[in-house]
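Starting from the known structure of chain A, arrange chains B, C and D on it as the hints suggest.
Here the protein sequences come in this chain order: A, B, C and D.
Heads up, the first sequence is in the working numbering, so the first residue is 131 and it goes up one at a time.
Heads up, the second sequence is in the working numbering, so the first residue is 209 and it goes up one at a time.
Heads up, the third sequence is in the working numbering, so the first residue is 9 and it goes up one at a time.
Heads up, the fourth sequence is in the working numbering, so the first residue is 13 and it goes up one at a time.
Think of the hints as simulated: they come from the structure by calculation, not from any bench.
Every residue gets a Cβ at the ideal spot worked out from N, C-alpha and C, and that includes glycine.
Treat each hint with caution, since some may be false.
If you want the ones that stay clear, here's a sample from chain A, every Cβ over 10 Å from chain B, calculated [stated by the list, open to error]: (1) Thr132; (2) Ala144; (3) Ala150; (4) Gly312; (5) Pro331; (6) Pro403; (7) Ala539; (8) Trp544.
Which stretches of chain B does chain D cover? Using the computed rule of at least three CB atoms under 8 Å from a CB of chain D, they are [to be verified]: (9) 609-616; (10) 699-705.
If we take Cβ atoms under 10 Å as the criterion, some of the chain D residues that face chain A in the derived model are [what the hints assert, rightly or not]: (11) Leu517; (12) Ala518; (13) Gly641; (14) Glu642; (15) Ser651; (16) Ile655; (17) Ala662; (18) Val665.
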Amino acid sequence: MTAAELSLGAVVLAPLLAAALAAALPHTARRALGVGIAALVLLLTGLLAVQTVAGEVTELALGGYPAPLGIHLRADGLSVLFLGMTALVGAVVTVFAAASRHTHQAFWTLWLGCWAGLNAVFVSGDLFNTYVGLELVGLTAVALVALGGRGSWAPALRYLFIAVLGSLLLLVGVGLIVSVTGTLDVVQAAEVLAGRPDAAPAALLALTLITVGLCMKLALLPMHAWLVPAHASAPSAVSPLLSGLVIKAALFVLLRCWLWLTDSSGALSALAPLAWGLGAFGAAAVLIGSVMALRQSALKPLAAYSTVAQVGYWFVAFPLLLEEDAAEGAFIGIVALALGHGIAKAGLFLGAGYLKEAYGTDEIEQLRGAGRQHPYAVMGMSLGLVGLIGLPISLGFTGKWNIATAAVAAEHWWILVLLAAGTLLSAGYAVRALAPLLLQESPTPGEARISRNYRSVPGLCVIGLGALTLVTGFGGVLIAEALEVGAPW
Amino acid sequence: MVSDLFPSAALPVVPVVMVALSLTAAVLIFPMAERRVRARSWVNLVAAAIKVLLIAALVPGVVGEGLRPEFAAPFLPGIDLVLRVDPLALFFAGLSSILWLLTTIYAIGYLKGKPHQSRFFGFFSLCVTATVGISFAGNLLTFLVFYELLTLVTYPLVAHWGNAKSLQAARIYLRYALGGGVAVLLGVVWLTMTAGPVDFAEGGASGVAELATSSPGTAVMIFILLAGGMAVKSAIVPLHGWLPTAMVAPAPVSALLHAVAVVKAGVFGIVRLVDDVYGIEVAWQLGVLTPLLVAASVTVIYGSYQALRQQEIKRRLAFSTVSQVSYVVLGVTMFSMAGTAGGMVHLVHQGIMKITLFFCAGLFAEVLGAHKISDLRGAGRRMPWSSAAFTVGAFGMIGLPPTAGFVSKWQLGLGALDSPHPWVLGVLVVSSLLNAAYFLPMVYNLWFGASQQDEHDDATHHAHSGTPAREPLALLAPTLCTAGFTLLAGLAASVWFAPLEIARFISEGVFG
Amino acid sequence: MSAVMLYLLLGTVLAVAGTVRMLLVRDLLARLIAMNVVGIGSLVILLALGARGGADDATDPVLSALVITGLVITVAFTGFGAVLIRRIEGPRPSDRDGGDRG
Amino acid sequence: MMETSSAAPALVAPVLMTLSLCVPLAAVAVIALAGVLGPQRAHRLRRGTAIASPLTVLPAGLLALTGEGTELEVPWLLFGSVFAMDATARALTLIAVLLYGAALMAVTWVKLRDAERGSGALSAFLMVCFTGNIGVYLAADAVSFYLAFAVLSFSAAGLVIHYRHQAARRATRIYLVMSVISETAILAGLLLAAAALPSLNRLGGESELSPHSAQSFAAAPFLIADAPEAIAASPHTGLIVTLLLVGFGVKAGTVPLHVWLPLAHPAAPPAASAVLSGAMVKAGLVGWLRFLPTGDGAALTTAGNTLLTLALVGAFAAVVIGVLQSDPKVVLAYSTISQMGFITCLVAAGMLVPELAGVTASAAVVYAVHHGLAKGALFLGVPVVKHYGRGPTGVVVLIGMAGAGLAVAGAPLTSGAYGKYVSKEAVEGISVLGLGLDQILPLVATGSTLLLIRFAFVVRQTELQPRRRPDGATRLSRVKTRARSESSETIEGWPALDGLLLSWLAVCVAGIVVPWLIGQHWIAGAEEFSWTAGALWDATWPVLLGFLLGIVIWRLAARRKLPSWLRADGELVKPGDLIGAEESLAVRTYRTGGSAASRVHEATESAGSRAADAASALAGTIRDTAASGERRLAAWEGSGAVIVVVLAAAATVLIWRWWG
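Next comes chain A alone, as it looks inside the complex (with noise of 0.2 Å):
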């Protein structure tokens, strides 16, 4: 077994391994480990990229089972990039929650296990698997969410029955694809389906079930109800992983069956209505999203509300995937905007969560003048509220750009006048939420509870975040060649 093998396996099971561990361990102990484990994931996954970018994908098959009913990993471009973003973005908010006084125990051994999960999902070759991990990554969401005290208990229960919902609808639609093709493996089903026109009305059951269950879990428009209060009530190092890596899992899954699974001849085709959906969707997503948070008074509900916008900008973008010469363009597109928007809105919500310990609020008015106790904590999310917006050198604006570009191959006007009015809405409520902060007289000079030195780790992880949303900035050129690594075109 090569390195890179035993570190697609590693990847999963270490952080798994570690999660059951820190269960056992006492307090202290558990940080060294949660810290521990990011690195080594750090490490393992910086393995897998230089193996995946070299132009191969990485197959394994656990224990020598073949395909069918063994559990084969598989990590291809795109599931590189997000267990790069993933790994990256859960190591800075694990050093935060090492450092900071307020993280409580249950934190790691629930952190550990949804990373291993995402990892699980980010590599798994087969339908079921990714069931799996999805499951258990929404199991230890809702758990993190808890956490968040009383006031977080019942958006927890909201989320996990939505995220119940979405489960059931992607299992009977994953059963219906193995009752169809025989195989759980997605480049094996692909085949058969690729095979068999006649089961293309069960195949395209069978996605939009699927299709309809993730969008619950990725709070697509009408079904985004539960993800505002959630992420807003989770504590300050757990809102970071929901709102930049939980929801990505689900976007993961979905980019892979849109993908794979159906081969881009006939059976993607009959998906329009229901691409054309999402878009209206998605177009919907980013309007409201944005007046919304517009209009909140408190960081935190403000950085949620941007989630939901941003996630109607994945979704604008779907129609694009069924235009012949746009697809690849809105594929790399949609990546990068997903990964830009991880790391950014981790960095806006860590910063949001730093300030909120330090003043005991997140209402933007309190928070008047905090540019000047913490000016890492607010530069590193000005940084973020730019990648969010979409502004140059940043994934956010590469994503955008792939977009319009596609946009304009495929003739769809409509999409680049909405980017247009979702970066101008985005700026909006960007300047609403950081010129208080960065600009105005603090009405309380009062000491805020945080010790002011400059040097204080949190505020040095939020400023990492937004660096790195600036440095990612310069990748766009290495996700397209990576996406190119086992794409399905």
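For chains B, C and D alone, kept in the frame of chain A given last:
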């Protein structure tokens, strides 16, 4: 001669160093504590000085020997971030770096003892990074990236004082600038898809020419989007609303930003668009030049008329900027070689002259607390040096000979008569009259206006009522420097490295 | 109609009824129970699909594995949901001395 | 260019030319920058430089004497500027040197207690004007000409505003407005002329190649020599000529544009008004001579006729209005307007009959020389009469003033007669409304005689009033200045004969000698002249007629025979006659235009704000609907219902497609 100064291997590094210089300055300054004034001033001044030296070292190479140092970094699939130094880039980068050095000195003096200096100077350096980036941009995408960056970093500068008025002004500015930025983004996307990645080339980008011939409709639509986006920053009439309101910013901000960086970035964009993206002939065949020319003419007259109606010094200067900046657009869209040269040289001259006036406005506000024009009465006796600088700047704006303003007005006049639109000379003449109408009373008030206490003893023999007030050197030195440049650029206009000669050299390149 | 189609229909009816009930009811416990109904419904559909597919009336092994996993997961979520409901509707720690119910 | 007739080596002249332009500017720089030192040392330094200031004009004097044809090329200045000395320039520079030297002497070489307040500033402005003035004469390319012209007109404002009292402020405001109009007109004219330059492409090199081909880099300067034929050849000749006429007319005081002259002269200190009338007004004349396409065969009849009529109107109307004034300097101002009208007739004649252009030009120059010196002497004489009118110097003053007056009137044996004779010769053939121009011109002499009698009468009257300082400061304030000046009395070591008298005497002597010198030797075409009987009679009859009329009017006034409204105290027609009407017209148009514009402005602004309100209202409704939608979705049932609807929709679409 330059090749021994820069080993050929090192040449592509120069533009990156230029951009990175002020970026590192910003990164160093942001975390600095407020009280470390000395260290912060040192970082600022050293960075600015090095940049000016680099530009000076580049001039002979780029203008004389025709070197084009270029640096490309992969950014988007299929399109790179390209930084290239050509005479026009050097022109604008030279202007902004020299004036950045002077404005830094001015700002250090101006902000002494005021809060938020680290934040101010951090964003100040970022703003210059963006400006230099815009000037060195080698293709349309890089231009767009720095164009948007400029919008972002100037927002906190406009809202620096943090009170309600400046926040409101900053929000209006952001709304305008981002709107413009999005328009440019859409234009760039559309152009890139239809005409391939657009590199700036002397006679216009290759792909664009074919696009213009194959489907003129889309070419015109794209031009409208791009020019409209850039018109916001160059404050062409319907889109100029943000400039006067942004005058609440501190004096060094309104000096550097609204006289040089922001406004010039927009106009520089239009120059690039007309000359290096479409190429002047293609743009002429598409017929897009004339409407832009008409818009610029309307702005010139409207700006001057509005300036006439203002009572506050900075608002009058702001509207004067609105009018003067459109001279450059006027020159470039005239479709005549002399006109283009005039437009380009005015890009620099207007920067020098307008920054002098803003510096003086800052000085008057600081020393005399004079904000209204009527407060200036008799200031000449109390602040002789800044009044002298103001007079030079004002004469420059009107276009009287010894100053740089005359040189560009003369060149524009010739260009107008040489171009298919001779009526533009009328616009220039009317605008000069309006300029005189609103600048001469200010100068008259400065020197000959009877200050309040002179009023009653007018008939009696005049005692020297106004003892000269102490004009802070840190504010005065840069003002006198820029006033000196105004005279120098006016008098020594035909020296080979003077702005006029470089502008002529560029415009010859444009016309092929 | 073969037994498979009957079970398939039954499963669908169960799932749809459970979903509608779950989405519209206000009471948390009722919602939790409805969630279980939907779970069972979808598992029945899976079994029916499995049976239909199998050659010699043995259900498809892969689908049965899916059903078992689905069952386990639904139970886990139900347990966790019940804990949350008890916490939400349980006595508030502040008025532990028999204040009005939550 | 003329060949260098004088023996000066080629090297000395260009250096002398740069010196003549730069030395005065250097002195001004010293005065301006003196503020850097302490107040006490600055005052002494300024005082010293002021005293030395008359010497700064010497290099220019030497330059004029060394002869013509020298050329100075400064490639880097402006658009590559060229300075050259030709006959006109030589003559007028000499006059400028004399006048400015005298003025500077009058202002600075006086005992401190009599010195003007702020004499340092006044001498500085005088020196800048001097540089501008000789720059206008010497410039050989249009851009340097325009630079010098602008420097001249805007520094002259410094002279007019010197006393800073109310009249001075009003005069300066009007003067500035007029000079801005003149500058802009000239700029437009020059640009149009430059654009019409056929031979050289403005941007550089030969224009035979297509304008877009890359040519030599050095841009050739737009020489004045090529200007006339460029203007003649250009499509907008009429427009250019009118612009130039208006532009230079303001400076030369032609009728509708003369209004600033009678206001500026009384407001300015006497030395300054001497320079204003003597030298500065001539800049306008030089502008016409250099640029107007006279000698090129294109008979610009319409422009020539209008100029001629305006000139004649100016010449005679100025006399009528001047006689009614009570302030000596206003009378002299109107006399200047009338004399400039005379010279403008010559220029107009040159335009009407191209063959005569050369002769009329030199005649104009000769007459300008004469008028400059004579009028300068009169203006300088006004304070001299006040200070030295009585006592031993009284006789000298009387003779001097009478001599200057007679010269201006053109009495025989004076330079005036010589000037008028030359002019009469030049305009031989032209006739206006049937009358020969050479008959009309002498009548101008009568007019000026009348004016001068009025001047003499008015000066004698003011002489009787209490001895007031020239700037109207009362006795009280002079005590104050004397106290201040006691401390620095020691610098003054001058003999009793102070600068005022000295400068006046120098100008009178020059007035007698210099016109002959220039006429005979320097200006071509004005050599052959001798006091023949005919010339004598031509000079005397207009003056006699003038005296006759003067006596008649004097007698009528003595017997109260004149109509009551005809009071000669400057009330009937205020100085600057037309200005009243023009000012009110300007104010009214500004107000109506302003109000119309502001009404339009309010309309657009209110429309804008209404649109903004509508937009924000719309945005508000969108936000409210979104918020209410959100609230409904927040509840579980709400979002549940929506999800059910979505699922149902998905199912129906699927079934429809499956069965369809």
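In terms of Cβ atoms, is chain B entirely out of 10 Å range of Thr132 (chain A)?
At about 29 Å from chain B, Thr132 (chain A) clears the 10 Å cut-off, so the statement holds.
Status of Ala539 (chain A), Cβ more than 10 Å from any chain B Cβ
violated (6 Å)
Tell me if the interface restraint on Ile655 (chain D) is satisfied: Cβ within less than 10 Å of some Cβ in chain A.
holds (6 Å)
Test the statement that Pro403 (chain A) is away from the interface with chain B: the closest C-beta pair must be farther apart than 10 Å.
Label holds. Min Cβ-Cβ 27 Å, cutoff 10 Å.
Does Val665 (chain D) meet its interface restraint, that is, does its C-beta lie within less than 10 Å of any C-beta in chain A?
This interface hint holds because 6 Å falls under the 10 Å limit.
Verdict on Ala150 (chain A) as a residue remote from chain B, using beta-carbon distances over 10 Å:
holds (41 Å)
Grab the minimum C-beta distance from Ser651 (chain D) to chain A and call the hint holds if it beats 10 Å, violated otherwise.
Constraint on Ser651 (chain D) satisfied, holds at 4 Å.
Gly312 (chain A) remote from chain B - nearest C-beta pair above 10 Å:
holds (38 Å)
Under 10 Å is the threshold here; is the Cβ of Ala662 (chain D) close enough to any Cβ of chain A for the hint to stand?
Check passed: Cβ of Ala662 (chain D) comes within 6 Å of chain A, closer than 10 Å.
Per the coverage rule (Cβ-Cβ under 8 Å, at least three residues), is the segment 609-616 of chain B covered by chain D?
holds (count 4)
Should the hint that Ala518 (chain D) touches chain A count as held when the rule is a Cβ pair under 10 Å?
violated (71 Å)
Does Leu517 (chain D) pass the interface hint, meaning its C-beta sits closer than 10 Å to a C-beta of chain A?
violated (74 Å)
Going down the numbered hints, you'll see the structure goes against 7, 11, 12, while the others check out.
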